[in-house]
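Peer 1: In order, the protein sequence lines correspond to chains C and F.
The numbering used here applies: residue 9 is where the first sequence begins, and numbers increase by one.
The numbering used here applies: residue 64 is where the second sequence begins, and numbers increase by one.
Some hints here could point you the wrong way.
Where chain C lies over chain F, by a calculated footprint (3+ residues, C-beta under 8 Å) [unchecked claim]:
| # | region |
| --- | --- |
| 1 | 206-214 |
| 2 | 270-277 |
| 3 | 323-335 |
Facing chain F, a subset of chain C residues (Cβ under 10 Å, in silico) [what the hints assert, rightly or not]:
| # | residue |
| --- | --- |
| 4 | PRO18 |
| 5 | VAL64 |
| 6 | PRO67 |
| 7 | THR71 |
| 8 | ARG81 |
| 9 | SER85 |
| 10 | PHE88 |
| 11 | SER91 |
| 12 | VAL99 |
| 13 | GLY117 |
| 14 | GLY122 |
| 15 | ARG140 |
In short, the hints are calculated from the structure, not lab data.
Glycine included, each C-beta is placed from N, C-alpha and C at the ideal position.
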Amino acid sequence: MSEPLAPPQPLVTPTAQPFWDALAEHRVVVQHCGSCGAWVHYPRVRCPRCGADALVFEPVDGTGRLVSFTVARQPVSPHFAESGPMVIAIVEVAPGARLTTNIDTDDPGALRVGDLLDPVFVDDGDGPTTLRFSPRRA
Amino acid sequence: MGLTGGAVIAGFVERPAERPFPGPRKLGIEQWADLAADALADAGIAWSEVDGICTGAEILESPRFVPATLAEYCGWSVNFAERCDLGGASNVGMVWRAAAAVELGLAEVVVCAVSGQPRPPSPVSEANPAFWFGASASEWGSPQAEFEIPFANLGQNGGFAQYATAYHAAFGWNERARAKVVVDQRISAQDNPDAIFYGSPTTIDEVLGSRMIADPLRLMEIVMPVAGGAAVVVTTPERCERHRGVKVIGCGEHLTHKTPTYAPDLTETPVGPAARRAFAMAGLHPSEMDMVQLYDCYTITALLTLEGSGFCGKGEAMDFVEAHDLTWRGDFPMNTNGGQLGFGQAGLAGGMGHIVEAVRQIQGRAGQRQLARHDRAYVSGTGGVMSEQSALVLEGM
Numbered sequence: 009m010s011e012p013l014a015p016p017q018p019l020v021t022p023t024a025q026p027f028w029d030a031l032a033e034h035r036v037v038v039q040h041c042g043s044c045g046a047w048v049h050y051p052r053v054r055c056p057r058c059g060a061d062a063l064v065f066e067p068v069d070g071t072g073r074l075v076s077f078t079v080a081r082q083p084v085s086p087h088f089a090e091s092g093p094m095v096i097a098i099v100e101v102a103p104g105a106r107l108t109t110n111i112d113t114d115d116p117g118a119l120r121v122g123d124l125l126d127p128v129f130v131d132d133g134d135g136p137t138t139l140r141f142s143p144r145r146a
Numbered sequence: 064m065g066l067t068g069g070a071v072i073a074g075f076v077e078r079p080a081e082r083p084f085p086g087p088r089k090l091g092i093e094q095w096a097d098l099a100a101d102a103l104a105d106a107g108i109a110w111s112e113v114d115g116i117c118t119g120a121e122i123l124e125s126p127r128f129v130p131a132t133l134a135e136y137c138g139w140s141v142n143f144a145e146r147c148d149l150g151g152a153s154n155v156g157m158v159w160r161a162a163a164a165v166e167l168g169l170a171e172v173v174v175c176a177v178s179g180q181p182r183p184p185s186p187v188s189e190a191n192p193a194f195w196f197g198a199s200a201s202e203w204g205s206p207q208a209e210f211e212i213p214f215a216n217l218g219q220n221g222g223f224a225q226y227a228t229a230y231h232a233a234f235g236w237n238e239r240a241r242a243k244v245v246v247d248q249r250i251s252a253q254d255n256p257d258a259i260f261y262g263s264p265t266t267i268d269e270v271l272g273s274r275m276i277a278d279p280l281r282l283m284e285i286v287m288p289v290a291g292g293a294a295v296v297v298t299t300p301e302r303c304e305r306h307r308g309v310k311v312i313g314c315g316e317h318l319t320h321k322t323p324t325y326a327p328d329l330t331e332t333p334v335g336p337a338a339r340r341a342f343a344m345a346g347l348h349p350s351e352m353d354m355v356q357l358y359d360c361y362t363i364t365a366l367l368t369l370e371g372s373g374f375c376g377k378g379e380a381m382d383f384v385e386a387h388d389l390t391w392r393g394d395f396p397m398n399t400n401g402g403q404l405g406f407g408q409a410g411l412a413g414g415m416g417h418i419v420e421a422v423r424q425i426q427g428r429a430g431q432r433q434l435a436r437h438d439r440a441y442v443s444g445t446g447g448v449m450s451e452q453s454a455l456v457l458e459g460m
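Produce the complete structure using the sequences and hints provided.
Peer 2: Written out as structure tokens, the structure is:
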């Protein structure tokens, strides 16, 4: 591998702008279908369950449930060469609405599928605020 | 409805797995033409008889208008031209599309080939910033560029590891069962001089002692990238004279997602509907197969595919692989050439190896690892991260 590259920032699209705007205010919003009631992430113009164009961003409390995860022991690309081992996780933030994220923890061995997680809003001066999670303290 | 056995695989070629590749190096399109020539020679069919092309997503230096490029280069006038963009599931997808074209009467001789050797060094700079993102689209507007790549969710290891975590959380943490897949297939690879792990059997403890790459998957549970390439010829039974014809009697494919985050259920993979359709089309049950050649890019892929294809129940694959001898000598011959875990993975051509081995066995050409019963085979393909899966049922004429 050549010299380290900066971790890529999310390339924000117009449809998803309200999601990123909410994160900047340390809130989480998820699309909800006004036709069939599905919760949808990532943001789309049509509901992937029923096809209706009735998706509306709704606030959720930001609590996550751990669906699955791995610990990437080696950098997946030169962009993450400085990151150390990363927990790459699938987290549910509303019924059926899952997102890809990282989990901030010193003890990934303690993570279990089904764990409840707290949101961590990461303000990065170079790009949009991103949403990570941390294990919920008992 | 469905395939009726009116199309057969008549011949094949498979390059040995090599790492490092000793050369000589050729362009992708040159490799493709060589593979076509060798597969046609094996089938005993003349170059000029080709009237159909099936290829993978790209030919290295020719990513677009691929079939037209190939027809022009090879000098063929074709009536059927297909480029299959299903990752590792492409090879199975190519074969059933070719069989369908033959049964429809669109074409009589279809070459299905995938190259997998490195090219000569290019005289122009080929630096491509998207290179590191692999199958994850890094262009603005792609869901991966916005929601995956920033979180390091790219490449294959992490996604398959997430599948493994979810699977074990649901059904128990028997890691030795995963390791046994590697061990048994390596035993079969000892009877395949073309395999990268020929001469290198292993043990469960060695697999579980190998370096952790993406928890819970370890280095030896992940395919070794090698140079290679493979092709088959699909034609009519009448044109199949040199070897026993291998009828394509069942097929299916199913897709649900690109990134596992959005999979409907991480403990159930798309192969289920694909396999059920393939078996129903063939009028056969999984228990009637003499062998399975299933896509095994990772150990977890093999377990999930065994379950999804109906060889055992959901959550039962760990017990199943421990209860059965998966070697070619065993009671459940699985990936008799060593599979990709034992043979190596020549890029997209890795999936063609499963088809080639099924044909080789059914035609009675498997040499020292020839099965005694070798009339029917189940073959699966997997692309992306359990994103797309495909299934074939093959039967000797």
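Peer 1: Against this structure, judge whether each hint is valid.
Peer 2: To see whether the hints hold, each was checked on the structure:
1. 206-214: holds (count 8)
2. 270-277: Check passed, 4 qualifying residues.
3. 323-335: Answer holds; 4 residues pass the 8 Å Cβ test.
4. PRO18: 5 Å, holds
5. VAL64: 19 Å, violated
6. PRO67: Check failed: Cβ of PRO67(C) comes no nearer than 19 Å to chain F, outside 10 Å.
7. THR71: With Cβ-Cβ at 18 Å, over 10 Å, it is violated.
8. ARG81: With Cβ-Cβ at 5 Å, under 10 Å, it holds.
9. SER85: 4 Å, holds
10. PHE88: PHE88(C) check passes; min Cβ-Cβ to chain F is 5 Å, inside 10 Å.
11. SER91: 7 Å, holds
12. VAL99: With a minimum Cβ separation of about 9 Å from chain F (threshold 10 Å), the hint on VAL99(C) holds.
13. GLY117: Where the cut-off is 10 Å and the nearest Cβ of chain F is about 8 Å from GLY117(C), the hint holds.
14. GLY122: 8 Å, holds
15. ARG140: At about 8 Å, which falls below the 10 Å cut-off, the nearest Cβ of chain F leaves the hint on ARG140(C) intact, so it holds.
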